[in-house]
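Chemist: Protein chains in written order, with UniProt numbering: chain A, 1 to 401; chain B, 1 to 326.
Since the hints were made in silico from the structure, they are not lab data.
Since this is a predicted model, take the numbers as computed values, not measurements.
From the three backbone atoms N, C-alpha and C, an ideal C-beta is built for every residue, glycine too.
Hints are supplied without guarantee of correctness; some may be wrong.
[Said to hold, decoys possible] Straight line, CA to CA, 30 Å or less: simulated BS3-like cross-link-like pairs of lysine-lysine:
no.: 1; chain 1: B; residue 1: K208; chain 2: A; residue 2: K115
no.: 2; chain 1: A; residue 1: K80; chain 2: B; residue 2: K105
no.: 3; chain 1: B; residue 1: K66; chain 2: A; residue 2: K115
no.: 4; chain 1: A; residue 1: K209; chain 2: B; residue 2: K3
no.: 5; chain 1: B; residue 1: K140; chain 2: A; residue 2: K304
no.: 6; chain 1: A; residue 1: K209; chain 2: A; residue 2: K80
no.: 7; chain 1: A; residue 1: K304; chain 2: B; residue 2: K27
no.: 8; chain 1: B; residue 1: K66; chain 2: A; residue 2: K114
no.: 9; chain 1: B; residue 1: K66; chain 2: B; residue 2: K3
no.: 10; chain 1: B; residue 1: K113; chain 2: A; residue 2: K317
no.: 11; chain 1: A; residue 1: K372; chain 2: A; residue 2: K281
no.: 12; chain 1: A; residue 1: K80; chain 2: A; residue 2: K115
no.: 13; chain 1: A; residue 1: K317; chain 2: B; residue 2: K140
no.: 14; chain 1: A; residue 1: K114; chain 2: B; residue 2: K208
no.: 15; chain 1: B; residue 1: K201; chain 2: A; residue 2: K115
no.: 16; chain 1: B; residue 1: K181; chain 2: A; residue 2: K114
no.: 17; chain 1: B; residue 1: K201; chain 2: A; residue 2: K114
no.: 18; chain 1: B; residue 1: K191; chain 2: B; residue 2: K201
no.: 19; chain 1: B; residue 1: K181; chain 2: A; residue 2: K317
no.: 20; chain 1: A; residue 1: K372; chain 2: B; residue 2: K191
no.: 21; chain 1: A; residue 1: K277; chain 2: A; residue 2: K292
no.: 22; chain 1: A; residue 1: K12; chain 2: B; residue 2: K3
no.: 23; chain 1: B; residue 1: K27; chain 2: A; residue 2: K115
no.: 24; chain 1: A; residue 1: K218; chain 2: A; residue 2: K12
no.: 25; chain 1: B; residue 1: K208; chain 2: A; residue 2: K304
no.: 26; chain 1: A; residue 1: K80; chain 2: B; residue 2: K201
no.: 27; chain 1: B; residue 1: K27; chain 2: A; residue 2: K374
no.: 28; chain 1: A; residue 1: K171; chain 2: A; residue 2: K209
no.: 29; chain 1: A; residue 1: K218; chain 2: A; residue 2: K171
[Said to hold, decoys possible] Chain A is faced by these chain B residues, among others (derived, beta-carbon under 10 Å):
no.: 30; residue: N24
no.: 31; residue: G30
no.: 32; residue: D48
no.: 33; residue: R59
no.: 34; residue: K70
no.: 35; residue: V72
no.: 36; residue: S78
no.: 37; residue: C81
no.: 38; residue: A84
no.: 39; residue: I85
no.: 40; residue: S88
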Amino acid sequence: MQVYLDNNATTKVDEKVFEEMTPFFCEMYGNPNSLHSVGSATHPKIAEAFDYLYEGINADDEDDIIITANATEANNWVVKSVWLDRILDGEKNHIITSEVEHPAITAACNYLEKKGVDITYLTVNEEGVLEADAVADAIREDTALVSVMWANNETGKLFPIKEIGAICKEKGVLFHSDATQAIGKVKVDVQDAGVDMISFSAHKFHGPKGVGGLYIKKGVQLSPYMHGGEQMDGRRAGTLDVASIVGMGKAMQLATNTMALAYEINHVGMLRDKLEKAILKIPDTIVIGDTKNRTPNTTLISIKGVEGEAMLWDLNKNGISASTGSACASEDLEANPVMNAFGSDSELAHTGIRFSLSRFNTEEQIDYAIEKIKEAVERLRSISSSYAYTPKNHVSELEHN
Amino acid sequence: MAKASLVGGSIWDEYSNIVVDRMNNPKHQGHITEEEAEAMNATLIVADFGAESCGDAVRLYWAVEKDTDKIVGSKFKSFGCGTAIASSDIMTELCMGKTVDEAVKITNIDVEKAMRDTPDTPAVPPQKMHCSVMAYDVIKKAAATYKGVDAESFEEEFIICECARVTQDTLIDVIKINDLKTIEEIIDFTKAGGFCKSCIKPGGHEAKDIYLEDILKDTREEMERERLTAMANAPKEDKADFASMSMVQKTRAIDAVVEEYVRPMLIMDGGDMELVDIKEENGNFDVYIKYLGACSTCSTGSTGTLYAIESTLKQNLDDRIRVITL
Chain A
1 MQVYLDNNAT
11 TKVDEKVFEE
21 MTPFFCEMYG
31 NPNSLHSVGS
41 ATHPKIAEAF
51 DYLYEGINAD
61 DEDDIIITAN
71 ATEANNWVVK
81 SVWLDRILDG
91 EKNHIITSEV
101 EHPAITAACN
111 YLEKKGVDIT
121 YLTVNEEGVL
131 EADAVADAIR
141 EDTALVSVMW
151 ANNETGKLFP
161 IKEIGAICKE
171 KGVLFHSDAT
181 QAIGKVKVDV
191 QDAGVDMISF
201 SAHKFHGPKG
211 VGGLYIKKGV
221 QLSPYMHGGE
231 QMDGRRAGTL
241 DVASIVGMGK
251 AMQLATNTMA
261 LAYEINHVGM
271 LRDKLEKAIL
281 KIPDTIVIGD
291 TKNRTPNTTL
301 ISIKGVEGEA
311 MLWDLNKNGI
321 SASTGSACAS
331 EDLEANPVMN
341 AFGSDSELAH
351 TGIRFSLSRF
361 NTEEQIDYAI
371 EKIKEAVERL
381 RSISSSYAYT
391 PKNHVSELEH
401 N
Chain B
1 MAKASLVGGS
11 IWDEYSNIVV
21 DRMNNPKHQG
31 HITEEEAEAM
41 NATLIVADFG
51 AESCGDAVRL
61 YWAVEKDTDK
71 IVGSKFKSFG
81 CGTAIASSDI
91 MTELCMGKTV
101 DEAVKITNID
111 VEKAMRDTPD
121 TPAVPPQKMH
131 CSVMAYDVIK
141 KAAATYKGVD
151 AESFEEEFII
161 CECARVTQDT
171 LIDVIKINDL
181 KTIEEIIDFT
191 KAGGFCKSCI
201 KPGGHEAKDI
211 YLEDILKDTR
221 EEMERERLTA
231 MANAPKEDKA
241 DFASMSMVQK
251 TRAIDAVVEE
261 YVRPMLIMDG
271 GDMELVDIKE
281 ENGNFDVYIK
291 YLGACSTCST
301 GSTGTLYAIE
311 STLKQNLDDR
321 IRVITL
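Please take these sequences and the hints and turn them into a complete structure.
Modeler: Here is the structure:
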């Protein structure tokens, strides 16, 4: 059985989305900017897609939602344009973000740091949440931007966006939130939250890869990230990818209506809780971060004595896809910053397994996953040096930092 | 590598069949008890190596036959990824039947080669090579415990890249001999830094005392010092070389001529001079000087004396030198 539990990495395209996109490859392939009917024939569907996008996040018609290639582009656009527009003139030189942001924000901020920009990376508390007070305390006269995520990709923890939005508004600081992991899982209402900008990515809510968006509140000045033609009202050049826009619009509609969100919270949340409870019955397992106020599909679990990548190997053999907080196989070999942010237990950083569900998971799949997870834990603990009986007369060089 | 790097892919696809087999079914996992060792007329040695903080740790159990120093029992436990489990399993197997002195010669390279399906195809992707290093270190630890010595005593040279087992001395030699300027060149020439990349700069899998980028920088600086020293100690430049000298070298050359030929002449009359500046102007070298003492009020300072100084410099250094007084 194949059980896909890595939906925070990417999701399958909903077949209804795929159907909507299909005509725009071989039939309605015109350039929307052309004056002929082959091009203009695409307009009604583009307009419909934009309606879904605006409705999905409750944007005002006077606001802009600019189509980008992905949330990474949207995030980079915000950070680098703030640098171009508000920092290079010398009046402001400070950006506030968190330690646990996606690399699309932290790497862009690291880059600007090398250019002389002062960046504050706020830490999360022991529950894995960024506190609004921490943002308030960090804001200075020269703060140009606050950028913090709506929901954390590893733990699913929701950040107090509305409170942070109010603080930024009061202090007159531009506020951006990366909502990539929030859309389709919780209600994202840009007007209620008081954000100036949010980023999102279609493939995280059963839309296609290679398309995302940046919401920009009316009146917010932001230099274009890509100059060229007059597409997107001159804010982002490049021929419109009609199929992707239509697909993202449909995916947004399917993911954000009231029924969909209720299903996500009830059905997906129920399956997540079932999985989590079953794993927690295995001795020496904990959920990382507080279990309240998080997206309904995500759980990050530490299994003592079981290294994350080894666990993934065993799960993968049994058709189960998950993700690990340990980055043992990546280029930099450092543990995930989210895991490190919890700080106190270094072993924890290498035992984290993230399970992220979607509306396409079934109870049968979860039952199967639970069985295979138990088997994997049993096998790997029988090999584990840190979960074994320790003889008296032996020498140890293990560092328990 | 560029195209392959752009496409990417699962590192698991790059594991050999032996690695996969040992990950799934390690043959030597487990432990040896005191009683079991005693039954083999052996001493039980248990050694740990690694750090859970960096994600990998291994525990090695040896039963060492008391009369022969031969390893007659070898088991392991591991906290680590699949590669760490597989390489620990192979390492444990390689120890079996060897004496402690023979076992300590097993390196991570031996472990990696033993996991290859074919001699020329690496068993694991480059970034996983570090997982086999730990296996080597735990053998040293176990051997040191058995012999009652410091584990460092088995390491004669200072290893910088543990994946490729390249020493600091080797790196310095290769950089100097081949005039290497970049980390990429070092990787090409020595393979150091080409695997887990921890040894290149801080921020990798584990902290090091010294990194490849430090060695490259220090060695390049040392090479530059050696070059300048050689130049300084070389025979006097002939006139044709004055133009190609750096400004510092020109200053030194002029000072040397002044010291040898000009200053003694001026001092005899109660005067002196100092070099103020050198400027390259329209293909000429304008040497600005300031007279000191009696020379500063001498009537021939702008004619005869000036001509003598200029001629001396031209004769010894370059015909294009012009001397200007301030």
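Chemist: Confirm or reject each hint.
Modeler: Now for the hints, and whether the structure bears them out:
1. This hinted pair checks out: B:K208 and A:K115 have alpha carbons roughly 28 Å apart, not beyond 30 Å.
2. For a cut-off of 30 Å, the pair hint linking A:K80 to B:K105 is broken: about 54 Å separates their Cα positions.
3. Among the hinted pairs, B:K66 with A:K115 is inconsistent with the structure: their alpha-carbon atoms are about 64 Å apart, more than 30 Å.
4. Of the pairs offered as hints, the one joining A:K209 and B:K3 holds, with about 21 Å between alpha carbons and a cut-off of 30 Å not exceeded.
5. Using a Cα cut-off of 30 Å, the hinted pair B:K140 and A:K304 holds, with the two alpha carbons roughly 28 Å apart.
6. Proximity of A:K209 to A:K80 is assessed by CA-CA distance (about 23 Å); at most 30 Å being required, the pair is judged to hold.
7. Our distance criterion of 30 Å between C-alpha atoms is met by A:K304 and B:K27, whose separation comes to about 23 Å.
8. Proximity of B:K66 to A:K114 is assessed by CA-CA distance (about 61 Å); at most 30 Å being required, the pair is judged violated.
9. Among the hinted pairs, B:K66 with B:K3 is inconsistent with the structure: their alpha-carbon atoms are about 56 Å apart, more than 30 Å.
10. A C-alpha spacing of about 25 Å is found between B:K113 and A:K317, which places the hinted pair at or below 30 Å, so the restraint holds.
11. Distance restraint check for A:K372 and A:K281: the Cα-Cα separation of roughly 14 Å lies within the 30 Å cut-off, and the hinted pair is therefore satisfied.
12. As the CA atoms of A:K80 and A:K115 are separated by approximately 11 Å, the hinted pair is consistent with the 30 Å bound.
13. Restraint check for A:K317 and B:K140: not satisfied, since their Cα atoms lie roughly 34 Å apart, outside the 30 Å limit.
14. Under the criterion of a C-alpha separation no larger than 30 Å, the hint pairing A:K114 with B:K208 is consistent with the structure, at around 24 Å.
15. The suggested pairing of B:K201 with A:K115 holds, with an alpha-carbon distance near 21 Å, which does not exceed 30 Å.
16. Between B:K181 and A:K114 the CA atoms are separated by roughly 24 Å; this keeps the pair inside 30 Å, and the hint holds.
17. Between the alpha carbons of B:K201 and A:K114 the distance comes to roughly 17 Å, so the proposed pair stays at or under 30 Å and holds.
18. Distance hint between B:K191 and B:K201 is fulfilled; the C-alpha atoms sit about 15 Å from each other, no more than 30 Å.
19. With a C-alpha separation of about 45 Å, the suggested pairing of B:K181 with A:K317 is violated against the 30 Å cut-off.
20. Under the criterion of a C-alpha separation no larger than 30 Å, the hint pairing A:K372 with B:K191 is inconsistent with the structure, at around 40 Å.
21. Distance restraint check for A:K277 and A:K292: the Cα-Cα separation of roughly 14 Å lies within the 30 Å cut-off, and the hinted pair is therefore satisfied.
22. Distance check on the hinted pair: A:K12 and B:K3 sit about 27 Å apart at the alpha-carbon level, within 30 Å; holds.
23. Between B:K27 and A:K115 the CA atoms are separated by roughly 54 Å; this puts the pair beyond 30 Å, and the hint is violated.
24. Between A:K218 and A:K12, the direct Cα distance comes to roughly 33 Å. Violation of the 30 Å bound is thereby established for this hinted pair.
25. A hinted pair counts as satisfied when its Cα atoms are at most 30 Å apart, and B:K208 with A:K304 qualifies at roughly 27 Å.
26. A hinted pair counts as satisfied when its Cα atoms are at most 30 Å apart, and A:K80 with B:K201 qualifies at roughly 27 Å.
27. The suggested pairing of B:K27 with A:K374 holds, with an alpha-carbon distance near 22 Å, which does not exceed 30 Å.
28. A hinted pair counts as satisfied when its Cα atoms are at most 30 Å apart, and A:K171 with A:K209 does not qualify at roughly 37 Å.
29. The hinted pair formed by A:K218 and A:K171 meets the criterion: a straight-line CA distance of about 18 Å does not exceed 30 Å.
30. Interface restraint check: B:N24 against chain A, minimum CB-CB distance 7 Å, threshold 10 Å, status holds.
31. Because the beta carbon of B:G30 sits about 8 Å from the nearest beta carbon in chain A, less than 10 Å, this interface hint is met.
32. Given hint, B:D48 at the interface with chain A, holds; its Cβ is 4 Å from that chain's nearest Cβ, closer than 10 Å.
33. Because the closest C-beta pair between B:R59 and chain A is about 4 Å apart, less than 10 Å, the hint holds.
34. Restraint check, B:K70 versus chain A: the minimum CB separation of about 20 Å is more than 10 Å; hint violated.
35. Evaluation of the B:V72 hint against chain A yields a violated restraint, the C-beta minimum of about 18 Å exceeding 10 Å.
36. Residue-level restraint check for B:S78 holds (minimum Cβ-Cβ distance to chain A is 6 Å; threshold 10 Å).
37. The beta carbon of B:C81 comes within 4 Å of a beta carbon in chain A, closer than 10 Å, and the hint placing it at the interface holds.
38. Given hint, B:A84 at the interface with chain A, holds; its Cβ is 8 Å from that chain's nearest Cβ, closer than 10 Å.
39. Below 10 Å, beta-carbon pairs count as interface contacts, and B:I85 has one with chain A at about 6 Å; its hint therefore holds.
40. Given hint, B:S88 at the interface with chain A, holds; its Cβ is 9 Å from that chain's nearest Cβ, closer than 10 Å.
The structure fails hints 2, 3, 8, 9, 13, 19, 20, 23, 24, 28, 34, 35 (numbered hints given earlier, in ascending order).
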